[in-house]
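Could you put the whole structure together from the sequences, leaning on the hints where they help?
Line order of the protein sequences matches chains A, B and C. In case it helps, my numbering puts the first sequence at residues 36 to 219. In case it helps, my numbering puts the second sequence at residues 36 to 219. In case it helps, my numbering puts the third sequence at residues 36 to 219.
Be a bit skeptical, because a hint or two may be false.
Treat identical chains as interchangeable: a pair holds within one or across any two.
As a list, the in silico SDA-like pairs of lysine to any residue whose alpha-carbon atoms are at most 20 angstroms apart [said to hold, decoys possible]:
#, residue 1, residue 2
1, Lys-172, Thr-218
2, Lys-124, Ile-216
3, Lys-37, Val-94
4, Lys-124, Asp-154
5, Lys-172, Asp-217
6, Lys-172, Ile-200
7, Lys-124, Asp-152
8, Lys-54, Leu-127
9, Lys-172, Glu-210
10, Lys-172, Gln-207
11, Lys-172, Val-123
12, Lys-54, Gln-202
13, Lys-54, Gly-68
14, Lys-124, Arg-214
Don't read these hints as lab results, they were simulated from the structure. Computed from a prediction, not measured in an experiment: that's the story for all the values here.
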Amino acid sequence: MKVVVVAGIPGSGSTTVLKGALVDLDYVHVNYGDVMMEIAQKKNLVKDRDSIRTLAPDVQKDVQREAAKKIREMAQQSNIIVDTHCTVKTPLGFLPGLPPWVLEELQPDQFVLVEADGDEILMRRIQDTTRIRDMEKLRDIDLHQEMNRSVAMAYAALTGATVQIIQNHDDQLDETVARMIDTL
Amino acid sequence: MKVVVVAGIPGSGSTTVLKGALVDLDYVHVNYGDVMMEIAQKKNLVKDRDSIRTLAPDVQKDVQREAAKKIREMAQQSNIIVDTHCTVKTPLGFLPGLPPWVLEELQPDQFVLVEADGDEILMRRIQDTTRIRDMEKLRDIDLHQEMNRSVAMAYAALTGATVQIIQNHDDQLDETVARMIDTL
Amino acid sequence: MKVVVVAGIPGSGSTTVLKGALVDLDYVHVNYGDVMMEIAQKKNLVKDRDSIRTLAPDVQKDVQREAAKKIREMAQQSNIIVDTHCTVKTPLGFLPGLPPWVLEELQPDQFVLVEADGDEILMRRIQDTTRIRDMEKLRDIDLHQEMNRSVAMAYAALTGATVQIIQNHDDQLDETVARMIDTL
Chain A
36 MKVVVVAGIP
46 GSGSTTVLKG
56 ALVDLDYVHV
66 NYGDVMMEIA
76 QKKNLVKDRD
86 SIRTLAPDVQ
96 KDVQREAAKK
106 IREMAQQSNI
116 IVDTHCTVKT
126 PLGFLPGLPP
136 WVLEELQPDQ
146 FVLVEADGDE
156 ILMRRIQDTT
166 RIRDMEKLRD
176 IDLHQEMNRS
186 VAMAYAALTG
196 ATVQIIQNHD
206 DQLDETVARM
216 IDTL
Chain B
36 MKVVVVAGIP
46 GSGSTTVLKG
56 ALVDLDYVHV
66 NYGDVMMEIA
76 QKKNLVKDRD
86 SIRTLAPDVQ
96 KDVQREAAKK
106 IREMAQQSNI
116 IVDTHCTVKT
126 PLGFLPGLPP
136 WVLEELQPDQ
146 FVLVEADGDE
156 ILMRRIQDTT
166 RIRDMEKLRD
176 IDLHQEMNRS
186 VAMAYAALTG
196 ATVQIIQNHD
206 DQLDETVARM
216 IDTL
Chain C
36 MKVVVVAGIP
46 GSGSTTVLKG
56 ALVDLDYVHV
66 NYGDVMMEIA
76 QKKNLVKDRD
86 SIRTLAPDVQ
96 KDVQREAAKK
106 IREMAQQSNI
116 IVDTHCTVKT
126 PLGFLPGLPP
136 WVLEELQPDQ
146 FVLVEADGDE
156 ILMRRIQDTT
166 RIRDMEKLRD
176 IDLHQEMNRS
186 VAMAYAALTG
196 ATVQIIQNHD
206 DQLDETVARM
216 IDTL
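Okay, here's the thing in structure tokens:
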């Protein structure tokens, strides 16, 4: 079955757009962070979701690999949408969310990157008090989105998957959801 | 023998520049789309060339793989220039023109990307009535060229090939052809 | 042990920043160019360091491979910092400094890209008379840094390593060194 990876940096609204699109589509929606969280909690590595980002890269690797295996098993039954990050920002730099050992397990058919303008993302983060997030400068937000595009094209070169980019601008959620439905 | 991949989005003028350069060079010029077209027509998949872009990704994969095999056989006799696209724009997103199964067959030594400014490409497309082309916004043209650069560097990382970028601006064809000859 | 690759285009100041940071850190500093130079001189391929950039791609490949092997052996004893280039600018285009046969040997854990604004790099190159360097236009400098980011993300996708980007602006060396220490 088809495996689609949907990604966006915090504040891009990727999860919101995805939920809107999945109302009308026959996909099983898997949040990669949730699967990682489940595995990390079983191993007693973290207490809350945002702490995963602060784990050492090696520990993140093991959790990622196990999450990929679990999702692949689910993909035998139905079309899967994996909600994740192209890169995770760590103190050591941008960590690829889909390194070789994950890509080999997932074998994704399509990547969809949800983006927004840097200033839109900045304002959304200021208004979002439900999750602890590192406040970043506009320049850092733009850089993160640029690096995600680059790594997505590398994932594409490694797998042959397509890469779709969808802009999720303020006050245009319906149009963005419609574009997501079209592309899925 | 040396295998060089020359690529550019529709309107970049990559084929024109290449033809100008090949007058003075000892290369066999292979258009990847033509080889794919030949194979796709034998399989009764398409009627005209632009329709290849609308095929499902899986079908495109098979056609690409067979085209790569065929070109590799030709490369045993002489230096080859493959005229193709870094990515093909499909309804599902940017599809890598040289995914792993193609790269492994081709083992290219050099990539040459022919680019132009977005507004130049837009004007050239408006004037070109010989082929059916999706009209795109300036922003989409810039994005396509950006994604092609990224994927070209991923192809380079996967093969060790060099990546040359050549600007093909209006009214400077002679200079552009001279640069192409230098780089080949 | 940990292997970190530090890279920056000529004039980025990557070596200066690195030397400042290594005063307080327990790493063995290996200059990839020096190791390549040592090997290339033994083979009687070059007289001075800048000439390596003018070697044919195939010859550069062999030298790179041997340098990677040598560095890997050193990494059995201590943490290693490899000072190198993401891409080397050659007449045939951007040559990846860490192609597959190098990445497989090195298995780096982290990439650190040292960058500066294009005009800063241009001025530093004008003032630097100790090495022969190709003078480039501002646009070419920006392009080289952009291509390095792309290829770094491809290296990351191939290895799972993190990619950190550090800006080394004029008159801020202390802050840049501090950021380098934090990231290492």
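How the hints compare with the structure:
1. With identical chains, the CA atoms of Lys-172 and Thr-218 are at most 20 angstroms apart between copies only, with a shortest distance of 18 angstroms across copies and 31 angstroms within one.
2. Taking CA atoms no more than 20 angstroms apart as the test, Lys-124 paired with Ile-216 passes between copies only; the shortest distance there is 17 angstroms, against 29 angstroms inside one copy.
3. Taking the shortest alpha-carbon separations for Lys-37 and Val-94, only the inter-copy value of 15 angstroms comes in at or below 20 angstroms, while the best intra-copy value is 29 angstroms.
4. Taking identical chains as interchangeable, the C-alpha atoms of Lys-124 and Asp-154 lie at most 20 angstroms apart only when both belong to the same chain, with a minimum of 19 angstroms there against 28 angstroms between chains.
5. For the identical chains of this complex, Lys-172 and Asp-217 are inter-copy neighbours only, at 19 angstroms across copies versus 33 angstroms inside a copy, given an alpha-carbon limit of 20 angstroms.
6. Proximity of Lys-172 to Ile-200 under the C-alpha cut-off of 20 angstroms is restricted to the inter-copy arrangement: shortest distance 14 angstroms between copies versus 23 angstroms within a copy.
7. With identical chains, the CA atoms of Lys-124 and Asp-152 are at most 20 angstroms apart within one copy only, with a shortest distance of 18 angstroms there and 23 angstroms across copies.
8. Within a single copy, Lys-54 and Leu-127 get their C-alpha atoms only as close as 32 angstroms, which misses the 20 angstroms cut-off; across copies the closest is 19 angstroms, which meets it.
9. Proximity of Lys-172 and Glu-210 under a CA criterion of 20 angstroms is satisfied inter-copy only: 17 angstroms between copies versus 28 angstroms inside one chain copy.
10. Taking the shortest Cα distances, Lys-172 and Gln-207 sit within 20 angstroms of each other only across copies (19 angstroms), while inside one copy they are farther apart (24 angstroms).
11. In the homo-oligomer, the alpha carbons of Lys-172 and Val-123 lie at most 20 angstroms apart inside one protomer (16 angstroms), although the nearest pairing across protomers, at 31 angstroms, exceeds that limit.
12. When the C-alpha separation of Lys-54 and Gln-202 is checked against a cutoff of 20 angstroms, the pair qualifies only within one copy, where the shortest distance is 16 angstroms, while the shortest distance between copies is 38 angstroms.
13. For the identical chains of this complex, Lys-54 and Gly-68 are intra-copy neighbours only, at 16 angstroms inside a copy versus 38 angstroms across copies, given an alpha-carbon limit of 20 angstroms.
14. Taking the closest pair of Cα atoms, Lys-124 and Arg-214 come within 20 angstroms of each other only across two copies (15 angstroms); inside a single copy the shortest separation is 28 angstroms, beyond that limit.
Of the numbered hints stated above, none is contradicted by the structure.
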